[in-house]
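Participant: This is what each chain is made of:
There are 2 protein chains.
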Amino acid sequence: MSTATLTPFKLGPASGASAALAAPGAATHQAVHIDLGDRSYPILVGPALLDNPATFAQCPQAAQALIVTNTTVSPMYAQCLLQAISPLYKQVHVLALPDGEAYKDGATLNLIYDQLLGSTADRKTVLYALGGGVVGDMTGFAAACYMRGVPFVQVPTTLLAQVDSSVGGKTAINHPLGKNMIGAFYQPQLVVCDLDTLNTLPVRELSAGLAEIIKYGPIADMAFLDWIETNLPALLARDPQALATAVRRSCEIKAWVVGQDEKEGGIRAILNYGHTFGHAIEAGLGYGEWLHGEGVGCGMVMASHLSQRMGWVDEAFVQRITRLVKAAGLPTVGPDLGAERYLALMRGDKKSEGGDIKFVLIGNGPLSAGGSGPGTATTQSAPEALVREVLAACTQSAA
Amino acid sequence: MSTATLTPFKLGPASGASAALAAPGAATHQAVHIDLGDRSYPILVGPALLDNPATFAQCPQAAQALIVTNTTVSPMYAQCLLQAISPLYKQVHVLALPDGEAYKDGATLNLIYDQLLGSTADRKTVLYALGGGVVGDMTGFAAACYMRGVPFVQVPTTLLAQVDSSVGGKTAINHPLGKNMIGAFYQPQLVVCDLDTLNTLPVRELSAGLAEIIKYGPIADMAFLDWIETNLPALLARDPQALATAVRRSCEIKAWVVGQDEKEGGIRAILNYGHTFGHAIEAGLGYGEWLHGEGVGCGMVMASHLSQRMGWVDEAFVQRITRLVKAAGLPTVGPDLGAERYLALMRGDKKSEGGDIKFVLIGNGPLSAGGSGPGTATTQSAPEALVREVLAACTQSAA
Chain A
1 MSTATLTPFK
11 LGPASGASAA
21 LAAPGAATHQ
31 AVHIDLGDRS
41 YPILVGPALL
51 DNPATFAQCP
61 QAAQALIVTN
71 TTVSPMYAQC
81 LLQAISPLYK
91 QVHVLALPDG
101 EAYKDGATLN
111 LIYDQLLGST
121 ADRKTVLYAL
131 GGGVVGDMTG
141 FAAACYMRGV
151 PFVQVPTTLL
161 AQVDSSVGGK
171 TAINHPLGKN
181 MIGAFYQPQL
191 VVCDLDTLNT
201 LPVRELSAGL
211 AEIIKYGPIA
221 DMAFLDWIET
231 NLPALLARDP
241 QALATAVRRS
251 CEIKAWVVGQ
261 DEKEGGIRAI
271 LNYGHTFGHA
281 IEAGLGYGEW
291 LHGEGVGCGM
301 VMASHLSQRM
311 GWVDEAFVQR
321 ITRLVKAAGL
331 PTVGPDLGAE
341 RYLALMRGDK
351 KSEGGDIKFV
361 LIGNGPLSAG
371 GSGPGTATTQ
381 SAPEALVREV
391 LAACTQSAA
Chain B
1001 MSTATLTPFK
1011 LGPASGASAA
1021 LAAPGAATHQ
1031 AVHIDLGDRS
1041 YPILVGPALL
1051 DNPATFAQCP
1061 QAAQALIVTN
1071 TTVSPMYAQC
1081 LLQAISPLYK
1091 QVHVLALPDG
1101 EAYKDGATLN
1111 LIYDQLLGST
1121 ADRKTVLYAL
1131 GGGVVGDMTG
1141 FAAACYMRGV
1151 PFVQVPTTLL
1161 AQVDSSVGGK
1171 TAINHPLGKN
1181 MIGAFYQPQL
1191 VVCDLDTLNT
1201 LPVRELSAGL
1211 AEIIKYGPIA
1221 DMAFLDWIET
1231 NLPALLARDP
1241 QALATAVRRS
1251 CEIKAWVVGQ
1261 DEKEGGIRAI
1271 LNYGHTFGHA
1281 IEAGLGYGEW
1291 LHGEGVGCGM
1301 VMASHLSQRM
1311 GWVDEAFVQR
1321 ITRLVKAAGL
1331 PTVGPDLGAE
1341 RYLALMRGDK
1351 KSEGGDIKFV
1361 LIGNGPLSAG
1371 GSGPGTATTQ
1381 SAPEALVREV
1391 LAACTQSAA
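Chains A and B are the protein sequences, given in the same order. Its first residue numbered 1, the first sequence is counted upward by one per residue in the working numbering. Its first residue numbered 1001, the second sequence is counted upward by one per residue in the working numbering.
Extracted from the complex, chain A is given alone in its bound form (with noise of 0.2 Å):
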């Protein structure tokens, strides 16, 4: 564990430095600074961002650049972004491409690739990913790889994205053998988290990212779990100031994790919280049968229930996970992939080192022995015989 301090959680707008970064002529937003050195960047938060060319003022000049979005985000925003990053560029061109995470493959991957080959894309070219966590991995891995990295930028259109995904350098796509297997670390210029998009998000994908911002709380800070309590109302009722605290706090957190392990060697695994059940959720059903955030959060009630089973976190933590992840709209019971594909699917995780499954326990040991019990985690390996019990106790098989 590193010795950087985490802020306090506070409400109201993001302090200091960070705030310094907003857009100019933007009153309204807030700023979290992602720390890493000549690749740092910030993460601009508020509303009417998307189509203001002063959001874009700072990114790399070209003769191209490429937005990446999809099929169903094209018609909404697409030429509002295009329209706002104009003055910076000769050509704009606009890829949509199919909608969903079962197309978060090579196959689709090309596509972009094709795209900029087809326009002469030069190696200056800026790339914009505007969508949701897909999109924006998938044109992260692409500018990372396309003549072996070109500039990107980030603007996430759902809550999971603004979140999560489009903060920290995590680039990938899926193989059918595992999720988001091939990929990279590539960090953007920029992330602009424009809330208005989030108007117009289906209420599926609404609870999908309200998921991964619960993780944040028992990996990191209880005071912004009691937040998100008291909150989820106002959340699920699109709240643009709950919305507003609850984005720029999350991205705190993950700045905060990921300037101290960019390449997860250490502390950025417990951002995978509810990930090791919840990817085996996703491949083990085929990719975009559930969301990826459902995914999470049935994960992290089963992560809980282990974390319980070992001893580091006592039953109403437990009971109070799975309220709320419940109250979120998530699923709380995991599908019926039977014990054995479940174990298969989580020996091949990332986190998994010579077929040890390594997951993330919330507490830094047992409470018996003085753990600290939830606002922290440990990735850590379990019996088998535990992950079993979990499996049996969570699943529908259970049922």
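Do not rely on the hints blindly, as some may be mistaken.
Result set (DSS-like, lysine-lysine): computed pairs, CA atoms no more than 25 Å apart in a straight line [unchecked claim]:
#1 A:K124 / A:K90
#2 A:K124 / B:K1263
#3 A:K124 / B:K1358
#4 A:K358 / B:K1090
#5 A:K90 / B:K1358
#6 B:K1090 / B:K1124
#7 B:K1358 / B:K1263
#8 B:K1124 / A:K263
#9 B:K1124 / A:K358
#10 A:K263 / B:K1263
#11 A:K263 / A:K358
Note that these hints are calculated values from the structure, not bench results. Given the structure is predicted, the values throughout are model-derived calculations rather than measurements.
Got chain A sorted already, so can you dock chain B onto it with the hints?
Facilitator: Only chain B this time, still in chain A's reference frame:
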């Protein structure tokens, strides 16, 4: 340009600090050091390295390793390498890809991912690239992307890969619209140039490797060019001492350039002398028709002609390069693709910006204005009329 100084060319083993990096108990080896901070690594050059466990003693240990090779090299060397590295891993798999530049594509790259995921390879898994430039580029790119990065080791078995492509961290696959368009800068842990493997190299590939060796003279070291001219018969006869000197000096020059500019923001582009024309030939004929080194050989002749028409070198230099390329067994006249096709392909070159083709010219300006002439190189655009003159003079349409 950097202020770093290239050590002067000399015969015999590498000097000083780098020699201390040779594998334990390997008195006849030389070592060249690539200095890139925490991504630094040694290049070992010598006979009998590939089957010696001591060569790999410092490589990272893990549960698994994967040797990626091709169907031509595998029967000759895969078992030797497997034996040498087996003390470090519980399991070592071998994957033999189809042989040839035509297979340096996304579909073949996927075979590596399928193998890794099929054997539940974790993120500590070490990849070994055993073969020529195609195997090295694809294995390196797979290592860069598998689970967002696993360690890899280059074991080049062709002269071209030993003196150029295995060193410096450029990895890539081809796209139908351009060579090496999809890739990453990703450094290996170690490069092992076993000179014994050159004994089994087809003569055409030996010549292709000589193209990249010749390249280093005009861009950086005219004393080395003198030596190559004198020792060309010995190199063609595969004299072990001559090959050892050529490989070691080529790696020294490459290390000097890459150490100044890992990601080709500037000076590194001079390593592409002959490559703008050469890549156009390769892509225009279809990958695999000409070997990469053949394209580079002919491309150096063409780039020298262009340098002369710019007034940067004299006629005698153009004749000297043409004579040496020819004597090395390489083509000096380009295929008849038509000038428009050449120009279109070169506009797609990675060095191009906004449609402006960049060439690596020999010298640093017109001789009449005090230009340095051969021994330095500069990346620069050229008047299209001069490029067309070169194409008219140096391709079969002119014959």
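Participant: Now tell me, hint by hint, if it's right for this structure.
Facilitator: Hints, verified against the model:
Simply put, K124 (chain A) and K90 (chain A) have alpha-carbon atoms about 12 Å apart, close enough for the 25 Å limit, and the pair holds. A threshold of 25 Å between alpha carbons decides the hint, and for K124 (chain A) with K1263 (chain B) the separation of about 13 Å falls inside it, so the pair holds. About 14 Å separates the Cα atoms of K124 (chain A) and K1358 (chain B), which keeps this hinted pair within 25 Å; it holds. With a C-alpha separation of about 20 Å, the suggested pair K358 (chain A) and K1090 (chain B) falls inside the 25 Å cut-off, and the hint holds.
Straight-line distance between C-alpha atoms of K90 (chain A) and K1358 (chain B) comes to about 20 Å, which keeps the hinted pair within the 25 Å bound. Taking the CA atoms of K1090 (chain B) and K1124 (chain B), the gap is near 12 Å; set against the 25 Å cutoff, the hint holds. Distance check on the hinted pair: K1358 (chain B) and K1263 (chain B) sit about 17 Å apart at the alpha-carbon level, within 25 Å; holds. Between the alpha carbons of K1124 (chain B) and K263 (chain A) the distance comes to roughly 13 Å, so the proposed pair stays at or under 25 Å and holds.
Taken as a hint, the K1124 (chain B) and K358 (chain A) pair is honoured in the structure, with Cα atoms around 14 Å apart against an allowance of 25 Å. Distance restraint check for K263 (chain A) and K1263 (chain B): the Cα-Cα separation of roughly 19 Å lies within the 25 Å cut-off, and the hinted pair is therefore satisfied. With a CA separation close to 17 Å, the supplied pair K263 (chain A) and K358 (chain A) stays within the 25 Å bound.
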